[in-house]
Amino acid sequence: MRRRSALELGLWFLTIAGAGCGGEKRGGRGTRDSPWIIGMSQCNLGEPWREQMNRDIEAAAAKHDVLKMVFKDAQNDSLKQRAQVEELVAQGIALLLISPKETAPLTKPVAEAFDKGIPVIVLDREVEGDKFTAFIGGDNEKIGHAAGEWIAKALGGKGKVVELKGLMTSTPAQQRHKGFRDAIAGQSGIEIVFEADMQWLEPNARKEMESALAQQSKIDLVYAHNDPAAHGAYLAAKQAQRNEGMKFVGIDALPHEGVAYVKDGVLDATVLYPTGGAEAIELALRILKGEKVDKKVTLGTRIFTKESVERGGDPIP
Amino acid sequence: MKDHLLTWLGAQRSILRVLLPLVIVLVIGSAFHSNGAFFAWETHRAVLREVSVHGILACGMTLVVVAGGIDLAVGSVLALGAVSIALLTMQRGWPAPLAVGAVLAMGAACGATSGTLVAFFRAPAFVASLAMLVFARGLAKLCADGKKVTTHFVGPDGLDRTVPLPALFEGLDDRVIGGQLSVVTLVFVACAGVTWLLLSRMRIGRYLYATGGNLEAARLSGVPVRTAVILAFVFSGVFSAIAGICQAAQETHGDPETGMGYELDAIAMVVLGGASLTGGRGNMGGTLVGVLTVGYLQKVLSLNAFSLEARLMLTGAILVAAVLLQSRAMRGTEG
Chain W
0 MRRRSALELG
10 LWFLTIAGAG
20 CGGEKRGGRG
30 TRDSPWIIGM
40 SQCNLGEPWR
50 EQMNRDIEAA
60 AAKHDVLKMV
70 FKDAQNDSLK
80 QRAQVEELVA
90 QGIALLLISP
100 KETAPLTKPV
110 AEAFDKGIPV
120 IVLDREVEGD
130 KFTAFIGGDN
140 EKIGHAAGEW
150 IAKALGGKGK
160 VVELKGLMTS
170 TPAQQRHKGF
180 RDAIAGQSGI
190 EIVFEADMQW
200 LEPNARKEME
210 SALAQQSKID
220 LVYAHNDPAA
230 HGAYLAAKQA
240 QRNEGMKFVG
250 IDALPHEGVA
260 YVKDGVLDAT
270 VLYPTGGAEA
280 IELALRILKG
290 EKVDKKVTLG
300 TRIFTKESVE
310 RGGDPIP
Chain B
0 MKDHLLTWLG
10 AQRSILRVLL
20 PLVIVLVIGS
30 AFHSNGAFFA
40 WETHRAVLRE
50 VSVHGILACG
60 MTLVVVAGGI
70 DLAVGSVLAL
80 GAVSIALLTM
90 QRGWPAPLAV
100 GAVLAMGAAC
110 GATSGTLVAF
120 FRAPAFVASL
130 AMLVFARGLA
140 KLCADGKKVT
150 THFVGPDGLD
160 RTVPLPALFE
170 GLDDRVIGGQ
180 LSVVTLVFVA
190 CAGVTWLLLS
200 RMRIGRYLYA
210 TGGNLEAARL
220 SGVPVRTAVI
230 LAFVFSGVFS
240 AIAGICQAAQ
250 ETHGDPETGM
260 GYELDAIAMV
270 VLGGASLTGG
280 RGNMGGTLVG
290 VLTVGYLQKV
300 LSLNAFSLEA
310 RLMLTGAILV
320 AAVLLQSRAM
330 RGTEG
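Listed in order, the protein sequences are those of chains W and B.
Its first residue numbered 0, the first sequence is counted upward by one per residue in numbering that gives the first Met the number 0.
Its first residue numbered 0, the second sequence is counted upward by one per residue in numbering that gives the first Met the number 0.
It should be emphasised that the hints constitute simulated quantities derived from the structure, not laboratory data.
If you're wondering where the values come from, they're calculated on a predicted model, not measured in any experiment.
All the pointers check out, no bait thrown in.
Derived pair list, reagent style DSSO-like, types lysine-lysine, alpha-carbon separation capped at 27 Å:
#: 1; chain 1: B; residue 1: Lys140; chain 2: W; residue 2: Lys67
#: 2; chain 1: W; residue 1: Lys177; chain 2: W; residue 2: Lys141
#: 3; chain 1: W; residue 1: Lys79; chain 2: B; residue 2: Lys140
#: 4; chain 1: W; residue 1: Lys157; chain 2: W; residue 2: Lys262
#: 5; chain 1: B; residue 1: Lys140; chain 2: W; residue 2: Lys262
#: 6; chain 1: B; residue 1: Lys146; chain 2: W; residue 2: Lys262
#: 7; chain 1: B; residue 1: Lys146; chain 2: W; residue 2: Lys67
#: 8; chain 1: W; residue 1: Lys62; chain 2: B; residue 2: Lys146
#: 9; chain 1: B; residue 1: Lys146; chain 2: W; residue 2: Lys237
#: 10; chain 1: B; residue 1: Lys146; chain 2: W; residue 2: Lys79
#: 11; chain 1: B; residue 1: Lys146; chain 2: W; residue 2: Lys305
#: 12; chain 1: W; residue 1: Lys294; chain 2: W; residue 2: Lys67
Given the sequences, and given the hints that come with them, work out the whole structure.
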């Protein structure tokens with residue numbers, strides 16, 4: 000909170016300073032006295048993963064005194080995000096980072112910023128067309144696949160599995176589902192005995208798991224599309240005193256959530272869905288220094304298990 | 000004599016009509032029992048645990064609705080309660096009774112604020128509690144610094160710390176009577192008991208019905224309508240805080256995003272229980288049936304692994320059917 004109010008103040012100062020001395024180059028000169036100003040438009044800080052993305056960006060930017068960050072939170076509203084992008088452009092930023100809420104409504108404001116000569120890095124969700132400088136994102140299908148492969152190995156190719164799916168109208172859930180199913184497709188011994196849409200919510204996951212426990216006398220593993228759901232499933236199994244020998248696998252691997260659950264022995268594995276925050280700042284610096292960069296960067300992932308959690312997980316090739 | 004009998008039958012019929020949706024849901028559950036899972040006691044124990052948090056909210060909502068108001072803030076105050084209890088017991092190390100007291104006081108303060116806006120500043124309950132919905136959610140996020148409040152945290156010295164789960168959390172998510180009943184269910188039963196006492200056995204209950212039935216008439220006949228309205232909201236706030244503590248215990252952390260949309264579930268439960276959103280009508284027994292109807296409906300759909308689309312549509316259809324039954328019951332008692 001303190002950070003955000005400081006930013007507000009900073010913004011006011013910028014506006015006043017901008018009005019006072021029109022000669023200043025837009026968005027700073029990339030020196031300590033006149034740092035490059037990078038605007039970051041986040042679609043919804045209510046989600047812990049997005050909060051983490053902002054933290055990663057802030058931490059990476061703090062290492063460079065030629066950069067100055069301005070954060071905006073659109074509170075899960077596409078039109079608000081559109082307005083905030085326009086505000087950032089009007090305030091004269093050197094580069095725009097945006098993690099858009101939706102593709103279509105944000106394509107136009109992003110293209111307008113790009114046309115004004117402001118480099119744009121799009122994070123996590125894409126925009127249409129090619130009017131942006133670079134896109135950085137994780138690969139949910141690959142992550143689902145990695146989870147599936149680990150599960151197949153952990154079960155020795157045989158077992159009864161519960162799948163707790165995220166909101167299935169959202170792309171990440173569809174891809175985490177598809178990747179997982181593709182990975183276990185060759186394993187005839189693995190049977191999905193129960194699947195339900197828990198809409199990414201832990202209380203829902205716990206309810207669904209209770210139904211699965213009531214319906215199935217034997218469950219070997221729970222695969223959940225996010226860590227809170229895997230945690231909810233664990234709590235349900237623990238209360239039914241059936242968690243012994245049951246494995247729990249989640250996705251996201253946030254430091255204070257999934258990774259902490261693995262350390263506590265609640266989850267057996269979690270697969271990282273990287274925020275790309277640090278990578279975005281490195282890329283932004285290269286763009287601002289005039290280097291050519293790739294248009295699309297796909298982030299790698301890591302898997303955290305009991306064995307690997309202390310060393311920061313193992314990379315997935 | 001005959002008239003008397005008819006009125007009595009009419010009154011019974013309205014109770015039957017409140018019960019009918021629950022019976023239908025139970026019959027469907029027995030028909031689609033999913034390998035007998037529906038007949039296992041574990042399933043019913045699970046339903047009773049799952050409805051508890053919503054049920055506690057519905058208790059407070061019943062009081063407010065009877066008084067002619069509506070409290071949209073219950074879900075947000077729940078989140079504020081969940082975050083506060085986690086913060087106080089885990090990270091500040093407060094003893095449980097003190098922390099619970101503080102959280103309940105905070106819930107009461109939220110309720111008192113909405114209630115005062117309604118009673119003294121003539122704000123419509125919808126607007127006053129909508130403002131509290133937004134404000135309490137913001138405060139919950141502020142207290143939690145945007146993340147879940149867990150047993151892992153950064154201490155004042157800047158070092159990472161891990162504390163054991165407070166006994167309060169363990170205790171609330173435990174089961175009693177030989178593992179046959181969840182503790183949160185008992186909390187719900189206690190809240191329902193308090194609500195029943197208030198509405199049916201105490202003077203304040205009569206004041207609430209009078210205020211909700213006809214505000215002006217109640218005021219002119221000397222009912223302290225302002226006190227009644229504020230008290231209804233205060234109880235709703237306190238119950239929301241209790242629900243928040245139960246939610247945190249069941250999630251083992253305080254999540255500032257939890258309880259979103261729970262106010263609508265609570266309102267649905269109260270309406271299913273025969274309360275009128277125009278005030279003056281409703282009781283704890285009906286709300287209890289409403290709570291169980293929604294809980295069992297969710298369980299039956301979940302046991303049979305219905306898709307989310309089908310669940311939402313079926314829940315909507317059952318609500319409409321129940322409300323239609325209610326309005327017929329109304330005509331029955333009046334005619």
